[in-house]
Each structure stands twice: as C-alpha cells, then as structure tokens.
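Build the full structure now, drawing on both the sequences and the hints.
Residue numbers (the numbering used here), protein chains in the order written: chain Y, 1 to 347; chain H, 1 to 347; chain W, 1 to 347.
Keep in mind that the hints were calculated from the coordinates and are not lab data. Where hints are given, some of them may not hold.
Said to hold, decoys possible - Below 20 Å or equal to it, Euclidean Cα-Cα: the simulated EDC-like pairs (lysine to aspartate or glutamate) are: (1) Y/K19 to H/E297; (2) W/K19 to Y/D280; (3) H/K4 to H/E182; (4) W/K19 to W/D37; (5) W/K168 to H/E61; (6) Y/K247 to Y/D280; (7) H/K168 to Y/E297; (8) Y/K4 to Y/E334; (9) W/K279 to W/D289; (10) H/K4 to H/E111; (11) H/K19 to W/E297; (12) W/K4 to W/E111; (13) W/K4 to W/D76; (14) Y/K78 to Y/E111; (15) H/K336 to H/D116; (16) H/K336 to H/E111; (17) Y/K4 to Y/D76; (18) Y/K168 to W/E61.
As the list claims (entries may be wrong) - Pairwise CB distance ranges, derived in the manner of DEER restraints: (19) W/G181 to H/P83: 26 to 32 Å; (20) H/R307 to Y/M1: 23 to 29 Å; (21) W/A141 to Y/S36: 49 to 55 Å; (22) H/G136 to Y/L114: 48 to 54 Å; (23) W/N321 to H/R307: 49 to 55 Å; (24) Y/H312 to H/H139: 34 to 40 Å.
What the hints assert, rightly or not - Chain W regions said to be covered by chain H (calculated; three or more residues, Cβ under 8 Å): (25) 29-42; (26) 156-169; (27) 290-304; (28) 319-325.
Note that this is a predicted model, so its numbers are computed, not measured. Where is the CB? At the ideal position from N, CA and C, for every residue including glycine.
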Amino acid sequence: MFPKNAWYVACTPDEIDDKPLGRTICNERIAFYRRSDGQVAAVEDFCPHRGAQLSLGSVCEGNLVCGYHGLVMGCDGKTVSMPGQRVQGFPTINAYPVVERHGFVWVWPGEAELADSAAIHHLAWAESPDWAYGGGLYHIACDYRLMVDNLMDLTHETYVHTGSIGQKEIDEAPVTTKTEGEHVITSRFMHGVMAPPFWRANLRGNGLADDVPVDRWQVCHFHPPSHVMIEVGVAHAGKGGYDAPAKDKVSSIVVDFLTPETGTSMWYFWGMARNFAVKDTNLTAQIRDGQARVFAEDTAVLEAQQRNLQRHPGRRLLMLNIDAGGVQSRRIIERKVAAEDPRRLVA
Amino acid sequence: MFPKNAWYVACTPDEIDDKPLGRTICNERIAFYRRSDGQVAAVEDFCPHRGAQLSLGSVCEGNLVCGYHGLVMGCDGKTVSMPGQRVQGFPTINAYPVVERHGFVWVWPGEAELADSAAIHHLAWAESPDWAYGGGLYHIACDYRLMVDNLMDLTHETYVHTGSIGQKEIDEAPVTTKTEGEHVITSRFMHGVMAPPFWRANLRGNGLADDVPVDRWQVCHFHPPSHVMIEVGVAHAGKGGYDAPAKDKVSSIVVDFLTPETGTSMWYFWGMARNFAVKDTNLTAQIRDGQARVFAEDTAVLEAQQRNLQRHPGRRLLMLNIDAGGVQSRRIIERKVAAEDPRRLVA
Amino acid sequence: MFPKNAWYVACTPDEIDDKPLGRTICNERIAFYRRSDGQVAAVEDFCPHRGAQLSLGSVCEGNLVCGYHGLVMGCDGKTVSMPGQRVQGFPTINAYPVVERHGFVWVWPGEAELADSAAIHHLAWAESPDWAYGGGLYHIACDYRLMVDNLMDLTHETYVHTGSIGQKEIDEAPVTTKTEGEHVITSRFMHGVMAPPFWRANLRGNGLADDVPVDRWQVCHFHPPSHVMIEVGVAHAGKGGYDAPAKDKVSSIVVDFLTPETGTSMWYFWGMARNFAVKDTNLTAQIRDGQARVFAEDTAVLEAQQRNLQRHPGRRLLMLNIDAGGVQSRRIIERKVAAEDPRRLVA
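Now the structure itself:
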C-alpha cells in the first residue's frame, strides 16, 4: 500500500549515465534514461510494437531506441519513428514526470498532471559545500512500511546493531513522538553515556577525544511518502548536547529514501550527510562502508519479519510507545492512499 | 497454445545414447530412450507402480527399467515385468510415436493413431553429402510463438545482433511475405552492401574476398507446427545474388526447430546447414560457436518480452508489415489448434 | 497430512548449543533454544511485538531475547519483560512441549496438554554403552509418507543403491508384512548370498571374512508418527542368520526419523546404531559417510516422485505386496490424523 501521487527516489544519476535503467517503482515498470541534453526521461518499460523491454535498448540522439526492432521512443511516450514505418497511429505508452535534483533522480509514478517539482523533498545539505554525503542502495524483500517502523524507532539499534551504534542506554532513554501536519518527529536524548564504536570513530575523525562521556541524540523525521531523515550525533557531555557548539560535537543526518518496488519489496537508498571534515573522502568511504554493514543487519531482520507477517496475515501486532513514530507515519501514508482512492480507506 | 497432433523435434540422437532422457514436450512429460535394436522409444515419464520418474532409470535389454523398484516398462506403455509381480493388470501409460530421422528425434505428443511418419518435415540437406550441419539446443523461458515472430522478421538483426549479422541496410530493404497453403515465406533482398562480420568470415571460409560489396538475402520459411528454415547468403555484387553461381557466393540454411515445453517455455534447436567447405569441421565448429553467441542475444530479449507480456496480458500489440511473417505463421498455428479442439477457437 | 499430537524429532542437541534454531515442524514455525539450566525450550518463532523472527535473536539468562527490540520471551510463550514496557497485557505465543532424550530433541507440535513425555519412542541402543551411533540430517522436498513407503519396502535397494547395499537377491526373496497394534513389521530374509560392498566392509570392520556366503536380513519397524527402525545384518551362512551368535555376524539398526516440515517437505534424521566395534570412531565416521551417500540417492528419486505426483494428483498408484509395509503404515497415520480431526477422515 503506497501513494502513487508522490515523488520517490528512483535511482542515483550514475545509474543512467551509460545506458538505460529498467526499474519497478510502485508496481510501475519504468525505463529511465538520460537524453542528449542531459535531462532524465522515464517511460513505461514496454515497447508499443511487440512488448519488448525498452530498457534493454540504447539511447540514440537523446531518444530511447528499442533493442528489438529499432522503434524510437520519445520521452513523452509517443513513438518518434521506426525504420520503414509510419508511426502516427502507434499507441502511446506512459511517460512519468522525472526530475534530477539533490543528487538523486525523482520520479512521480502516479497521475502526471498532478506532479509539481516544487514538492520534491528539499535537501539543504545536498546543496551546501559545508556538507559531504555518501550512500548506497539495497533491494529488500519487505513492505517499505516495515522499514518506516524500523527507522522511526531506533530502539532496535541496541539489538540489531550491537557492535556498531547500539548501546544499552538507548533502551533506557525515553522517546517522544509528535506529528506536525505531515511531519512526524521521534526524539531520544541520552546524557553522559560512553559512545559506541561507530561514534567513537566519528569523534576521532573530527579530532575529538573518544574516551569521555558524551550526550547522544537521535531525532527521526518522517516526511511522506516515505523519507526518513535522522539527525544523529554526540557531543562531549555537558557542552550543550544537540545544541553544543560545532567544536564539541560530531553530528550527521542519516538519509533514508524508501521507495516501494511492489507491495512486498522496496528499494532502500541509504546514506549519511555530515558537516564535519567534509573534504576527507577517505572518511566518507569509511562511513559508507560502516553504514553498509550496519544497514545490512536490518535487511535480514526485516525480510524475516516480512515472511512471518505473510504467514500470519490476520495477527494483530502491538503498538507500544516506542512504535509511535512508525504508527503515526503509517497513518499519514494511509491518509494519502485514501485520498487517491477513497475505496482503499477500508483496506 | 500449440497443436499436439504434430511432429516436433524432441532431442538429438546423442542425448539418448547413454541413458534415458526426461523431457517435457507440449506439457507432456516424456521419457525417451534407445532400445537394443537402436530404435528410439518414448513413454510417459511416470512409473505406473508408484509414480517414480522413469527417465531416472536405466535401459536393460532394450526396455526401460524403473530406477526405484525395477518395474520393466515396454515401449508401448505396457509393463513387461516386475520382480516378483504379476503385471497383467497394471495400468498402461502413454506411449508416444517417435522417429529418428534427419539427425533428430521427432515425437508426436498428441493422438498416436493420427501420427504418420511420412509427415515429418523433410530435410534434404540432412541426407546429402554436399551439406554440413552444426547446431545446438537452448531452453528459453518464452512462448515459442515469440520465437516464430523473431525468426519470421529478421529486422531485429540490426538491433539485437549489431556485432555479427546485423547491419543498417536490413531495416531499409523492403520485406515481402506470402502464404502458400501452410507455408509462409518472408523475403528480404539487399543489393550492393558490405557484408557484416559473420558473413565476411564465411566469405573467407569459402575462399572469397570479403572486402567487396555483396548482394545479401534472407528468405524465411515457416512450416507448421513451428519449424523455421531461413535461406541466408551473400554473393559478390552483380553476380546474380540469390541465383549467383556457387563460386561467387556463400549461402546457408539457418535451421530452427521450436518445440514448446509448456505454454511459456520452449526448447530451441538451432543450427546451420551449409553447402560449401563441407568437410571443414573447424569451420563447422566456428560457425556453431558464432551462432551460439548470436542466438543467445535473442534469448535475453525474448525472455524479457515474455515477462512483459505476462504482466500486461490484455494489451494489444502492433502488427506491422515487418510482422506479417509472424502474424501469418501464427494464423496457421491457430487453425491447427482449433482443428484439434474447436472450443479453443475463441481463446 | 500428518498427526500433530505426536513426538517428532526436531533437531539434534548440537544444533541449539550455540544459538537458537528456527525450524518448521508440521507447518509450525518454531524457535528452539537451550535455557541456562540446559533444558530445551520451544516457542512460536514470532515475536508478539512486531512479528520478528525470534530465532534470529539470542539467549540471555536462559530466556530468548528478540533480536529486533529486545523483548524477552519466556519458555511458556509469555513475555517476561521488554525495556521500558509493561508486558502484562502482551499476547501469549505458542509454547511447545519439548524434551531432550536419547540424543535427540523431541517436539510435540499439537495440543500441549496432551503431551506425555513417557510416549517418546524408546531407543534402547541410545542408552547402552554396547552401542555406537552416527547419523545426519537431510532436508527433502517430498511428503514424508513417500519416505515411509521407501523405508518399509527395501526392494528399492536393488535399483537405487546398486553400488552399495543393493543386490539382485533382495528382489527375489519373499517379503512379509504384519501389523501389531500400531507397529508395522516388514521382513525379508536372504540365504547363502554374497554380501554387497557395504556389508563386506562391515564384515571386515568386525574382523569377519567378507568373501564367503552370508545370510542377510532386513526387518523394518514402523512406529507412529513416522519412525522407521530397520534391523539389518549379515551372518556367515548357516550360523543361524538373524539369530546367529554375535561372533558370526554384523548387524545394525538403521535409524530413520521422518519429521514433516510442510505437506510437501520433510526433515530426514537418518543414522545407524551398531553393537560391534563400538569404540572405533573411525568406523563410525566411515559408516556415516557411506550412509550419507546411499541416502542421498533416495533423495533424488523421492523429490522427482513428489513432482510427478503433484503433476498428476488424481492418478491412482499400485499397491503391491512389496508396498504392504508402506500401505499399512499409512493406514495407521491416517487413523491418527482422523482421530485428531474426524472431518479429515474423508480427505
């Protein structure tokens, strides 16, 4: 269950630099490619001639050329030409609004006339030289909402990520959740704790002592359709915590774009944006590698959870205080889905 | 959708030399084996005792012996004997008409009483010392009719086989299609073109210059149930093209037996028969290797097309002039299926 | 189709020594683990919080701790605690009666209140220093009843296990089957035959000549729900056969616990218990390796049989005299299933 009238991250720009990319987003099979002017285009991955997969073709003079019989498809879903054929009567295929922005390619899998690129999630860090970013992509065989739950409740770090970012104090710190319009915020603050390995490495990376108590914070932000940005950081204890001056803390934004592939699978664009040591590309690579390992731990847990839930479709799950972030986020998702199709309100 | 009252290529003789072969043809699971007199036999791959797969057994004194409890199956589907048992009352399993001819094993998966071995497709080149043949077998996850389309419209060579037999001029040459009874012929002639790599190699293989313009032809012949023989060749330009004397041309017959496995998968027996340098076994191997690479390119395209069509079962495809060969061939297939079961006319 | 109110072998003790084990038994997904007192526990593999797979977690102070959010599950299916939560109202999950005995872990996947550990199959050899045991575990994609058939009719040894324990005389020796209550016994005795390779090795292993005629026996015992113990052995001919003195024979018990996973897959705990050269661990390993190879041959046959039967669900199989052991054993299974749910009598 997902809203289709929304901007989702479809891919990173490098994925379409050399050749078209076929990817399913919200059950839509889409061929993405880069036109000669550098603009990204997205059309249904289905040649109107005989149903070949257009993304197996090539880009020629900015148009997508079917790799079977050479039909030339335009970015509007209308056939431009085909050797030896008059193409005026050819059926049109879907074209999808698509925008490259903030280092990602965004697609609108729903009704094209409703797409407004101004609604694309703004990523201030992506446009500022004071920030560095590194990330990756995982395919996960689970409903993307299980990942929303996961990210809006970081209690799981203690258990899933024992060796990196987990620590017992996460459990013990109270968590607060609030919804402001379509924005859900879950916050947790820990005071005077020892930093876990991932954060000790970051402290050192920023030239700070890693063997003294710190104040640690996690502020999770959900925005529809399914973006979760998490402010995370540690400051030397007593320096102001979240509000400490830059010299006393290390902080980052954990970036999570959850793009549904089907009802039971998703594309997980994950990464980390940081505003310290931004020119240190080794540090960027090191953080990305660490994050890749940590997030792979979630993958195993979520795929097993998905299988368990599919086997027991009727079973009610608990909604505890720690689940409030996921519960409130899902409520926003449900409202958006219902707005698209009121009949789905009940389902 | 396939006629069952027809002779299909089931396997090549070497596949049953050492042991039985289990293969599904037109949804029939069949055990093929060679009897002691060298004759091929084909029975249902299901032991009447407990349902074991007979093709996992062995051949003993010309009979198929079940590898589970030793039931001895005759080539007529009647149990011959079983250790310690009286077998008169054992149920009979299906036996299939099967003939070894022209270097292939042919099976009739439909009603046995209608099978007439005189109707087996005659392959003159297979019986003549003036011809050499080499080929292979691919399993492809697509409706065999997608391969009929593919072979009865070689326009795709330009796009799918860019580096071997494709060339831009294929697109530009007009194609003509006609049906004579149950025989569909699609022809394309190109004049004064440069030969693509595959044909340059063949010209050299036949001692002809490969750097001069040639006339090139492709004449595709469909015969039911699903055999496509394609006369292909190049002659030095101006020597008569298709009708040029042997010393000025190289020509071959592309051999394609498309045997349905199920409704969405097929066995593809492909090969090439040539009437030049017929004793050059190195050339035979070289052509086969080249063809194997070329035909593997089709496999990827067709399997993706099959997946696309299954996702959009209701969508109408275009039928252009270049598709006429496939369209007319499918019409013959449909008539034969309807003749077997009038109720299927509508489907 | 399987009775659920029965003791099945779930795993061997070593499988849960280091971490929990998730295994499906009779369609029940179960997490097995060892408590701090060494006792084995078994609960549903479904965390009541959000449906995570409990067996991916860890054992802490004798309780199973969910690897997602740290819910602590008790061996009775009741949540013990969860960080920051009051758990009194949490739903209870299933707990399964489980007992470690005779070198195996036994589980009762049905109604817990009916479980009586006194009903666990008694294995005298497992408790005696005069016996040695070695074995293994296979996962097989077939209805466990096909394996019951297989083991209660050793005629197949001649065909499936040609190079090890098969010999033509098996076929030729009469087989007798009788049912005593819920115990089915199939016996076959061969007199004055040459031992096949597996038994020649065992004769040598026990210091006996392997090149003289022997009397050979196979006595198969089925006990519900699906345990098959087979007394097998050879004695130098004329020394009394099955009843020969220990110095003139080698004998073993083939141990087969067939545990349904689903309706079409099973866990096969196989092994061999012997009462000669019991301290020779090399011999134990050698026998186990040989048995592993022999029983892998059955796997291929049974999985192909299962596929064949699923394709032809309506087809009636033969029930010959050699099948009497399987037929009578299945009848006992059917009675037990019907006793659990009279409506299933018809199915």
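For each hint, the structure was consulted:
1. Y/K19 to H/E297: Status holds; Cα separation ~17 Å.
2. W/K19 to Y/D280: Violated, at roughly 41 Å.
3. H/K4 to H/E182: Holds. H/K4 to H/E182 sits at ~16 Å (cutoff 20 Å).
4. W/K19 to W/D37: The given pair, whose Cα atoms are some 15 Å apart, holds under the 20 Å limit.
5. W/K168 to H/E61: 16 Å, holds
6. Y/K247 to Y/D280: With Cα atoms ~17 Å apart, Y/K247 and Y/D280 stay inside 20 Å; holds.
7. H/K168 to Y/E297: 51 Å, violated
8. Y/K4 to Y/E334: 12 Å, holds
9. W/K279 to W/D289: Between W/K279 and W/D289 the Cα gap is close to 17 Å, so the pair holds against 20 Å.
10. H/K4 to H/E111: With Cα atoms ~8 Å apart, H/K4 and H/E111 stay inside 20 Å; holds.
11. H/K19 to W/E297: Cα-Cα ~17 Å, so holds.
12. W/K4 to W/E111: Judged against 20 Å, a Cα distance of about 8 Å means the pair holds.
13. W/K4 to W/D76: Cα-Cα ~19 Å, so holds.
14. Y/K78 to Y/E111: 17 Å, holds
15. H/K336 to H/D116: Status holds; Cα separation ~16 Å.
16. H/K336 to H/E111: Answer holds: H/K336 to H/E111 is near 14 Å, not above 20 Å.
17. Y/K4 to Y/D76: 19 Å, holds
18. Y/K168 to W/E61: Distance of about 16 Å is within 20 Å: holds.
19. W/G181 to H/P83: 26 to 32 Å: At roughly 31 Å between Cβ atoms, H/P83 and W/G181 fall inside 26 to 32 Å, so the hint holds.
20. H/R307 to Y/M1: 23 to 29 Å: Given range 23 to 29 Å: holds, Cβ gap about 24 Å.
21. W/A141 to Y/S36: 49 to 55 Å: 52 Å, holds
22. H/G136 to Y/L114: 48 to 54 Å: The hint (48 to 54 Å, Cβ to Cβ) holds, given that H/G136 and Y/L114 are roughly 52 Å apart.
23. W/N321 to H/R307: 49 to 55 Å: 50 Å, holds
24. Y/H312 to H/H139: 34 to 40 Å: 38 Å, holds
25. 29-42: violated (count 0)
26. 156-169: holds (count 4)
27. 290-304: With 3 residues in contact (Cβ-Cβ under 8 Å with chain H), the coverage given for the region 290-304 of chain W holds.
28. 319-325: Coverage by chain H holds for the region 319-325 of chain W (4 residues, Cβ < 8 Å).
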